[in-house]
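Below, each chain spelled out in residue letters.
There are 2 protein chains.
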Amino acid sequence: MLYLIGLGLGWKDLSMKALEALSECQEVYLETYTSASDFTPLQLQKLLGKPIHQLDRKQTEEDLVFLEEADVKNVALLVYGDALAATTHQEILQLAKKRDIKVKVIHAPSVFTAVAETGLSLYRFGKVTSIPIPNENYKPESFFDVLLENQKINAHTLFLLDLKPNEGKFLTIGEAIKILLDINQKRNENIFTGETLVVGCARLGTSESTIKAASADELSNVDFGKPPFCLIVPAKLNHKEEEYLSK
Amino acid sequence: MLYLIGLGLGWKDLSMKALEALSECQEVYLETYTSASDFTPLQLQKLLGKPIHQLDRKQTEEDLVFLEEADVKNVALLVYGDALAATTHQEILQLAKKRDIKVKVIHAPSVFTAVAETGLSLYRFGKVTSIPIPNENYKPESFFDVLLENQKINAHTLFLLDLKPNEGKFLTIGEAIKILLDINQKRNENIFTGETLVVGCARLGTSESTIKAASADELSNVDFGKPPFCLIVPAKLNHKEEEYLSK
Numbered sequence: 001m002l003y004l005i006g007l008g009l010g011w012k013d014l015s016m017k018a019l020e021a022l023s024e025c026q027e028v029y030l031e032t033y034t035s036a037s038d039f040t041p042l043q044l045q046k047l048l049g050k051p052i053h054q055l056d057r058k059q060t061e062e063d064l065v066f067l068e069e070a071d072v073k074n075v076a077l078l079v080y081g082d083a084l085a086a087t088t089h090q091e092i093l094q095l096a097k098k099r100d101i102k103v104k105v106i107h108a109p110s111v112f113t114a115v116a117e118t119g120l121s122l123y124r125f126g127k128v129t130s131i132p133i134p135n136e137n138y139k140p141e142s143f144f145d146v147l148l149e150n151q152k153i154n155a156h157t158l159f160l161l162d163l164k165p166n167e168g169k170f171l172t173i174g175e176a177i178k179i180l181l182d183i184n185q186k187r188n189e190n191i192f193t194g195e196t197l198v199v200g201c202a203r204l205g206t207s208e209s210t211i212k213a214a215s216a217d218e219l220s221n222v223d224f225g226k227p228p229f230c231l232i233v234p235a236k237l238n239h240k241e242e243e244y245l246s247k
Numbered sequence: 001m002l003y004l005i006g007l008g009l010g011w012k013d014l015s016m017k018a019l020e021a022l023s024e025c026q027e028v029y030l031e032t033y034t035s036a037s038d039f040t041p042l043q044l045q046k047l048l049g050k051p052i053h054q055l056d057r058k059q060t061e062e063d064l065v066f067l068e069e070a071d072v073k074n075v076a077l078l079v080y081g082d083a084l085a086a087t088t089h090q091e092i093l094q095l096a097k098k099r100d101i102k103v104k105v106i107h108a109p110s111v112f113t114a115v116a117e118t119g120l121s122l123y124r125f126g127k128v129t130s131i132p133i134p135n136e137n138y139k140p141e142s143f144f145d146v147l148l149e150n151q152k153i154n155a156h157t158l159f160l161l162d163l164k165p166n167e168g169k170f171l172t173i174g175e176a177i178k179i180l181l182d183i184n185q186k187r188n189e190n191i192f193t194g195e196t197l198v199v200g201c202a203r204l205g206t207s208e209s210t211i212k213a214a215s216a217d218e219l220s221n222v223d224f225g226k227p228p229f230c231l232i233v234p235a236k237l238n239h240k241e242e243e244y245l246s247k
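Order-wise, the sequence lines are chains H and W.
Going letter by letter, the first sequence gives residues 1 to 247 in my numbering.
Going letter by letter, the second sequence gives residues 1 to 247 in my numbering.
These aren't lab readings, by the way, just hints derived from the structure by calculation.
What the simulated footprint calls covered on chain H by chain W, stretch by stretch (three residues with Cβ under 8 Å from a Cβ of chain W suffice, anywhere in the stretch; the number is not a length): (1) 2 to 15; (2) 86 to 98; (3) 105 to 119; (4) 124 to 130; (5) 141 to 153.
List time: in silico DSSO-like cross-link candidates among lysine-lysine, alpha-carbon distance up to 27 Å: (6) W:12 / H:50; (7) W:226 / H:102; (8) W:102 / H:240; (9) W:164 / W:226; (10) H:247 / W:97; (11) H:226 / H:58; (12) W:226 / W:169; (13) H:236 / W:98; (14) W:212 / W:152; (15) H:247 / W:102.
To be clear about the criterion: a stretch of chain W counts as covered by chain H if any three or more of its residues have a C-beta under 8 Å from a C-beta of chain H, and this derived list gives those stretches: (16) 6 to 17; (17) 119 to 126.
Glycine residues also receive a C-beta, built at the ideal position from the N, C-alpha and C atoms.
Using the sequences and the accompanying hints, generate a full structural model.
Take a look at the structure:
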C-alpha cells in the first residue's frame, strides 16, 4: 500500500489520520524538491520517530523505488501542502493505479484555500498557475496567458512562485513582479503595470505568514523573508475585499 | 483568542496543531449548518474529551456569542473542511479583526484540493461555485453564469452542492443535473445537455469517497449514497485526464 500523505503548510499540520497511517509504514519517504515548509526533515524525523528518506526529482519521477516497494509493504510518501496539489503527486497516484498498487491519499491544508487569509473571496479565484525560475534556455510565459484568461472573466489569479529547496533557489515576489512587467511590456499589453494592485504572501498558513497588498512597483521593494511565496493579481475587488485589503 | 479550526473532510483529519490549540480552549463550538462529515458531533466530543456546543446559522452569523467570549478567553470554532473555505467563516475572520479580537486560523483539508482525486488537473479549474437547494421563492442561477465564464476560458467548473444537515436536506447530484439542464433549456443555451460529460463525487477525501464520470443523463440515475456531494463539469479534457477518467 502507498500512503500519499500531505504535510500541510506548516509544522504540525499533520493529521491524526496521517499519524495513524505513518505508524503502519515500514518505509517513509519525503519529496523535498517541489516545496518547503517552516520545519526541517530532521525535525519531522524526530516527531515521527522513524528514519525518513529524502527524494529528489529523479528519484520521485523516474526511479520510483518507493512505488515498487509499495507493492509488497506499507510505504508513505510525504509531500508538502496537500497530497495532490502538485501535478507530480497527482501523476504518482495515476501511475500507482495503472500498476494496480493500492493507494490511500491523505489530504492536508493547502495554499489553494489558505489564500482566503488575504480576505479575497475563494469563489472569485480563477485558474491557479505557477511562475518557474527562469534561466537562459527556459523563459516560459504561459502563466501570463492564465492571467489574461482570468481577467477576461473577472477572476483573481494566484501565482505560486517556484522554489528549488535542494539548490537553495527560490523566486522572490519582486522577481515575479519583474517577470510579469517584462512580459506585459514585450507583448504591448496593459494588464500588468507598475500601478497594478497585487497581493504578496509568504509562508501562508504558518504562524509566520505575511500578507501585503500594494501596487506592483511598491511591493517589488518589500522584503518578505523566507519562502514559500505566492503572488495574487486580483480582479476588480468587491466591497468586502476592498475593505479588508485596505488594512 | 478565537481559534478558527478546520475539521477537514473526514474523521481524524484534525491536525496536531488543531489538537494542541483545542487543549487550550475553554469553550469549543461546532458550526453544523453549512456542511457535514463522516462522523457525528458526539464522536468528536468523545475524541476531544470536551463538551461541544453546536451552532446553527443564527448563532453563527448573528448572535456571535462565541466571538464575544473570545475577547476574554480561548474559544475554538470548529468548521467542516478548511477553516476559511466557506464565505461565512471568512467573514467571521474579518469581523474578529474589525473588533480587535485575536484570531488564529488553523487550516485543514478541503474539497478545493480533494477534487484532484478525480484525475482532473487542479490547475485547470476555474471559479468554484455552489448550487443552493431551491425553493418556491428562491431559484438562483448565478452558478450557471460561472459555468459559462469558466467554459469561456476552457476551465473545469466545480459545483459544491448545498446541504442543510440540521433539516436533513441535501441536494443530490441528480437534482443538481436537473437544475442545470432546466436552466440550459430555459436560456436556449447548448452548454449543458444530457450528453455533457460530468463527474459526480460523494464524500471526497474520506475512506468512502465515490467518483463517477458519465454523461449528465447517465449520472442522473446513479445513487451516490450519503452527502456531501459535488459535481464537476470539465472543460475539454487533456490526454492524461481523459485516460484517467475513462477508468
